[in-house]
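Asker: Once you've looked at the hints, go ahead and assemble the two chains, each given alone in its own frame, into the complex.
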Amino acid sequence: SQQGEEDPQALSIQEGENATMNCSYKTSINNLQWYRQNSGRGLVHLILIRSNEREKHSGRLRVTLDTSKKSSSLLITASRAADTASYFCATGLTGGGNKLTFGTGTQLKVEL
Amino acid sequence: DGGITQSPKYLFRKEGQNVTLSCEQNLNHDAMYWYRQDPGQGLRLIYYSQIVNDFQKGDIAEGYSVSREKKESFPLTVTSAQKNPTAFYLCASSIRQVTGANVLTFGAGSRLTVL
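Protein chains in written order, with our numbering: chain A, 1 to 112; chain B, 1001 to 1115.
Simulated from the structure, these hints should not be mistaken for lab results.
Watch out, some of these pointers could steer you wrong.
Stated by the list, open to error - Pairs of lysine to aspartate or glutamate, DMTMM-like flavour, derived with a Cα cap of 25 Å: (1) A:Lys109 / B:Glu1062; (2) A:Lys70 / B:Asp1059; (3) A:Lys99 / B:Glu1024; (4) A:Lys69 / A:Glu111; (5) A:Lys56 / B:Glu1072; (6) A:Lys99 / B:Asp1059; (7) A:Lys99 / B:Glu1072; (8) B:Lys1057 / A:Glu5; (9) A:Lys26 / B:Glu1072; (10) A:Lys26 / B:Asp1059; (11) A:Lys99 / A:Glu17; (12) A:Lys99 / B:Glu1015; (13) A:Lys26 / B:Glu1024; (14) A:Lys109 / B:Asp1038; (15) A:Lys109 / A:Asp83; (16) A:Lys99 / B:Glu1069.
Same shape as in the complex, but just chain B (with noise of 0.2 Å):
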C-alpha cells in the first residue's frame, strides 16, 4: 500500500535535546512537507521542499532543520533552539506542479512532549 508513515508515532524529550522525527513516502511525491498543529491554531508550516536536495523555510521554521537526501525521505529536527517545541507535527507529500493545485497525502502524525 502506497502512503506516509511517520514515527514515532509518541516522543518525550527532555529541554535541551535535539530530537529527529522521520517521514517516509513511498508514493513517488516530488514535494514533501511539515506542519505543526497546535490545539486551536490550525496547522501551521516549518519547512517544505519540493525536489530532492532543496528545501525553503515555511513560516515558523526558527528551531527546526531538515534534509532531503533521498525523495522518498524527509526527516525533521527539533532543536533545543525551538522554545515552545510540544505539538503535535504532521508529513505530508504531493506531486509537485509549479502552478495550479496541489492535494497532500498526510502521515499519521508524531505528537512530541517536551519535559
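Looking at chain A on its own, in the form it has when it is part of the complex (with noise of 0.2 Å):
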C-alpha cells in the first residue's frame, strides 16, 4: 500500500519560477525524505526531514514538514530544465524499522 501521495500529479512551468510538490501521507513517522529520478534511471536523495523538525533547506530546495496535518511540501527555487525528473516523498514509519515507503511521485516538467 501506498503511504505518500504526493500532489500535483504533473507540473509544467518555465524555468527561473518556483515548483512546489506536496506529500500527504497516513501514519505516524519519525522522518520524511524526498528522491529525483531521471526517466528510467534510479532513486537519489535529495533531502531528509525528522519528525521533529518543521523546515529544512539545501541549496535550491526548501522542505517544510507539518506533522498535525500528515504533510510535507518540496519548494524548488529559480527552476531549471535539468530539474526535469519525477520526484517521490518517503515516509520512515514511527516503530517501521529501515523500511521506507514511497508515494506515487510528481512529474516535473521544466521548460526552457
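Answerer: So this is what it looks like as C-alpha cells:
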C-alpha cells in the first residue's frame, strides 16, 4: 500500500519559476525524505527531514513538514531545465525499522 | 567508485520462466532492498534484508524470492508464480539503523518484460 500521495501528479513550469510539490501521508512517521528520479533511472536522495523538524534547506531546495496535518512540501526555487524529473516523497514509519514507503510521485517538467 | 550495480539493465522473459536480477553493492551497507515500480504507482517494497542471511517480506512479496548469502549481494528471483512481472525493478542499500532515519542509495534499475 502507498503511504504517501504526491500532489500534483504532474507540473509544468517555465525555467526560473518556483516549483512546489506536496506529499500527504497516513500514519505516524519518524522521518520524511524526498528523492528525484530521471526518466528510466534510479532514484537519488535529495533531503531528509525528521519528525521533530519543521523546515530544512539544501541549496535551492526547501522542505517543510507539518506532522499535525501529515503533510510535507518540497519547493524548488529558480528552476532549471535540468530539474525536469519525477520527485517522490518517502516516509520512515515510527517503529517501522529500516523500511521506507514511497509515494506515487510528481512529474516535473521545466521548459526553456 | 562506490555504488550499486544492477544487471541486466533490460531482460525479456517468456511466461512460465523464472528470472534472477542481480544487485551488487560496494558501499559496505548492511541493509538492502528490492522495489518494484509501475507507471503511476510509485515504488512498492518487495523484500528487504538488514543483515546477511536474514531477509523480510515487503508489501508485495508473492511470486518473488531473494537470498542474502553475502553482504555485497542481494539477488531477486522473479518466479513464474508472479502474475504480472513486467515492471521496472530497483535495488537499494543503506546503513543499518535500528531507529532513526536511513537514506537509500539506488541502483540504475532493471527493466523486465514478459513476452
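Asker: Decide if the proposed pair is consistent with the structure: A:Lys109 and B:Asp1038, CA atoms, cutoff 25 Å inclusive.
Answerer: Since the Cα atoms of A:Lys109 and B:Asp1038 sit roughly 20 Å apart, the hinted pair holds (cutoff 25 Å).
Asker: Holds or violated: are the alpha carbons of A:Lys109 and B:Glu1062 at most 25 Å from each other?
Answerer: With Cα atoms ~35 Å apart, A:Lys109 and B:Glu1062 exceed 25 Å; violated.
Asker: Could you grab the alpha-carbon distance between A:Lys99 and B:Glu1024 and see if it respects the 25 Å cut-off?
Answerer: OK: A:Lys99 and B:Glu1024 at ~19 Å, within 25 Å.
Asker: Does B:Glu1015 sit within 25 Å of A:Lys99, going by the straight-line distance between their CA atoms?
Answerer: violated, 31 Å
Asker: For A:Lys99 and B:Glu1069, compute the direct alpha-carbon distance and say whether it is at most 25 Å.
Answerer: holds, 20 Å
Asker: For the pair supplied as a hint, A:Lys99 and B:Asp1059, is the alpha-carbon distance within the 25 Å limit?
Answerer: holds, 11 Å
Asker: For a C-alpha distance cap of 25 Å, please report whether A:Lys99 and B:Glu1072 respect it.
Answerer: holds, 19 Å
Asker: Starting from A:Lys26, check that the Cα of B:Glu1072 is at most 25 Å away, please.
Answerer: violated, 34 Å
Asker: Between A:Lys109 and A:Asp83, is the straight-line Cα distance small enough, at 25 Å or below?
Answerer: At roughly 8 Å apart (the allowed maximum being 25 Å), A:Asp83 and A:Lys109 satisfy the hint.
Asker: Keeping to a limit of 25 Å between CA atoms, is the pair of A:Lys99 and A:Glu17 held or broken?
Answerer: Roughly 34 Å between the alpha carbons, so the hint for A:Lys99 and A:Glu17 is violated.
Asker: Between the alpha carbons of A:Lys70 and B:Asp1059, is the straight-line distance 25 Å or under?
Answerer: holds, 22 Å
Asker: Do the alpha carbons of B:Lys1057 and A:Glu5 lie within 25 Å of each other, as the hint requires?
Answerer: Roughly 23 Å separates the two Cα atoms, so the pair holds.
Violation of the numbered hints given earlier is confined to hints 1, 4, 5, 9, 11, 12, 13; the remaining hints are satisfied by the structure.
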